[in-house]
Amino acid sequence: MRRFASAPLAIAGSLLLVSLFLNLVPGDPVELMLGEQAPSIDREALRRSVGLDRPWYGQLWLFLRELATGNLRSSLPPFQRKVLPQIWAALPNTLLLTFAAMAVAILIAIPLGVAAAARKGTAVDHAAMGVAVAGVALPRFWLGPMLIILFAIKLDCLPVSGADSPRNLVLPAVTLGTALAAFLSRMTRASMLDILREEYVTVSRAKGLGPFAVLWKHAFRNALVPIVTVLGLELGALLGGAIVTEKVFAWPGMGTLLLTGIEKRDYNLVRAVVLVFTLSYVGLNALTDAVYAAVDPRVRRR
Amino acid sequence: MNARGLRSARGRFGLGVALALLLLAAAGPLFAPSRPSAVDLAAELQPPSARHLLGTGENGLDVLTHVIYGARVSLWVSILVVILSATVGVFLGGIAGYGGGIFDETLMRVVDILLAFPGILLAIFITAVLGPSLRNVVFALAITGWTGYARLVRSQILSLRERDYVRAAQALGASHSRILARHLLPNAAGPLIVQATFGIPAAILAEASLSFLGLGVPPGTPSWGSLVDQGTQYLLIAPHVALFPGLAIAVTVLGFNFLGDAVRDAMDPKAVD
Numbered sequence: 014m015r016r017f018a019s020a021p022l023a024i025a026g027s028l029l030l031v032s033l034f035l036n037l038v039p040g041d042p043v044e045l046m047l048g049e050q051a052p053s054i055d056r057e058a059l060r061r062s063v064g065l066d067r068p069w070y071g072q073l074w075l076f077l078r079e080l081a082t083g084n085l086r087s088s089l090p091p092f093q094r095k096v097l098p099q100i101w102a103a104l105p106n107t108l109l110l111t112f113a114a115m116a117v118a119i120l121i122a123i124p125l126g127v128a129a130a131a132r133k134g135t136a137v138d139h140a141a142m143g144v145a146v147a148g149v150a151l152p153r154f155w156l157g158p159m160l161i162i163l164f165a166i167k168l169d170c171l172p173v174s175g176a177d178s179p180r181n182l183v184l185p186a187v188t189l190g191t192a193l194a195a196f197l198s199r200m201t202r203a204s205m206l207d208i209l210r211e212e213y214v215t216v217s218r219a220k221g222l223g224p225f226a227v228l229w230k231h232a233f234r235n236a237l238v239p240i241v242t243v244l245g246l247e248l249g250a251l252l253g254g255a256i257v258t259e260k261v262f263a264w265p266g267m268g269t270l271l272l273t274g275i276e277k278r279d280y281n282l283v284r285a286v287v288l289v290f291t292l293s294y295v296g297l298n299a300l301t302d303a304v305y306a307a308v309d310p311r312v313r314r315r
Numbered sequence: 053m054n055a056r057g058l059r060s061a062r063g064r065f066g067l068g069v070a071l072a073l074l075l076l077a078a079a080g081p082l083f084a085p086s087r088p089s090a091v092d093l094a095a096e097l098q099p100p101s102a103r104h105l106l107g108t109g110e111n112g113l114d115v116l117t118h119v120i121y122g123a124r125v126s127l128w129v130s131i132l133v134v135i136l137s138a139t140v141g142v143f144l145g146g147i148a149g150y151g152g153g154i155f156d157e158t159l160m161r162v163v164d165i166l167l168a169f170p171g172i173l174l175a176i177f178i179t180a181v182l183g184p185s186l187r188n189v190v191f192a193l194a195i196t197g198w199t200g201y202a203r204l205v206r207s208q209i210l211s212l213r214e215r216d217y218v219r220a221a222q223a224l225g226a227s228h229s230r231i232l233a234r235h236l237l238p239n240a241a242g243p244l245i246v247q248a249t250f251g252i253p254a255a256i257l258a259e260a261s262l263s264f265l266g267l268g269v270p271p272g273t274p275s276w277g278s279l280v281d282q283g284t285q286y287l288l289i290a291p292h293v294a295l296f297p298g299l300a301i302a303v304t305v306l307g308f309n310f311l312g313d314a315v316r317d318a319m320d321p322k323a324v325d
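So the protein sequences, as listed, match chains A and Z.
With positions in the first sequence counted from 1, the corresponding number in this note's numbering is that position plus 13.
With positions in the second sequence counted from 1, the corresponding number in this note's numbering is that position plus 52.
FYI, nobody ran anything at the bench for these hints, they're computed from the structure.
Predicted model, so just to flag it, every value in this text is computed and none were measured.
For glycine and all other residues, C-beta sits at the position ideal for the given N, C-alpha and C.
Check each hint, because a few of them may be wrong.
Label-pair ranges, simulated between beta-carbon atoms [to be verified]:
1) M319/Z / A203/A: 14 to 22 Å
2) E57/A / P271/Z: 46 to 54 Å
3) V183/A / V91/Z: 20 to 28 Å
4) G64/A / A79/Z: 48 to 56 Å
Kindly produce the complete structure, drawing on both the sequences and the hints.
What follows is the structure, given as structure tokens:
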């Protein structure tokens, strides 16, 4: 499949792009650290000791070599601080948040979309699609604070921020998942409407199957293929949206790590985080293809 | 839904929102109750009142004034992003689709690479590296934005270039650039206009997200995103600071999405709900 072939290219391209841009940053961490008055000999020594005297491709090479041996260190004092442990601590949190958001989206969107399709043109349909349309327009960095006001401050039933208990996951997951839920319910409705027009649906109704069995066993299973495709394509967008959501809820994930790295100008950290984001994105796309094949036997045979 | 296109209720709402935003952006200072730089330390973080219709924020800034001036940033950035992305995308996608060959192959690989990131990640990275400024925000959003237009134009042209009227033009000896400009691009314009209409709310949301992260507009520039960011620090004592600019974003994005739907339906006579 072409997507698998272009994955290594995408990873290499992203590393190259990131390194080229880091080269453009005005000022460097050594100057920030030692101050402008520091003797140039000190600056040079420090620069050389962390590899900042090399051209961008030299720094990229150094980065890759350290990464391969698992010794990647922070490009900031204290330089001994290893990057990978920070990533291993943050990555599970981001994946947890992303998949929880996806679960929220599925739990909201599938019943909503199926109900809207089954009752097309009624108040149920209009209400469901009204919710769907509004959900896409709500920015996450605004929905999050509003949920905090409602559930953490006014009702005082969920924590404001942090990641100390499973209850902390609820608001971030809803915040991150709402836009996808809105989009997905429109998709589900459209896909279901297509299937409900098919003859085999009419046949299964005619042979006396109950409406529930027709809807869920016959129609919904066939409507799943486009839904799974959309889910896969949107997983990457969720990963991106997680950055904003993590900031709202002080969630200790990859987005928070990225923003910290940017703020402190820790090049190695930023590079590593972007690399992991790209790898996850490519990996999730491959996963979608696999799920796709499992749902649609026609894809498997090809 | 039978009512369709710009005459539908949603289409009208979308058009109204777009016109209102244009008016606010063009004539904002006439409506704004004060200047965005006005400081009133005695009236910090006040709830909405007759004096400050939407309340005040940090240093007593008038929230309504900032929401009005923020419209300017939102509209300006989104229009620039759409124009820049569409121009680059149409140019490169047009050549790739018409010419094919190695240029086409290379361009599509570049698009694959750019799409291998979550879009906002690249924008975050670029604005973080180049520093917060309107120009950098536009650049960061356009650098991934053009890929959508390039793919669209390319696929349109691939299907159009085999048509009889294109063959006829070739047989008559028309130059490649004339065929592209006079025959292919005008016929690909419909989907492009739809894509551009949806590009506006996407760019507005992206700019607001970047500004919320502190990576968008420079500090001190009134932007809806940075105002929400400021407001999140005072959720307990002054929730209105985050509430109103967020509502402005939501209504604007909703309106432009409706407008996009309406334009799409108006362009496509076969469209059925």
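Checked hints:
Judged by the Cβ atoms, the range 14 to 22 Å given for M319/Z and A203/A holds: they are separated by roughly 19 Å. Checked against the hint of 46 to 54 Å, the C-beta distance between E57/A and P271/Z comes to roughly 33 Å, which is inconsistent with it. Checked against the hint of 20 to 28 Å, the pair V183/A and V91/Z fails, with Cβ atoms roughly 39 Å apart. Here the CB-CB span from G64/A to A79/Z is close to 54 Å, well matched to the stated 48 to 56 Å.
Violated hints, in rising order: 2, 3; the structure is consistent with all others.
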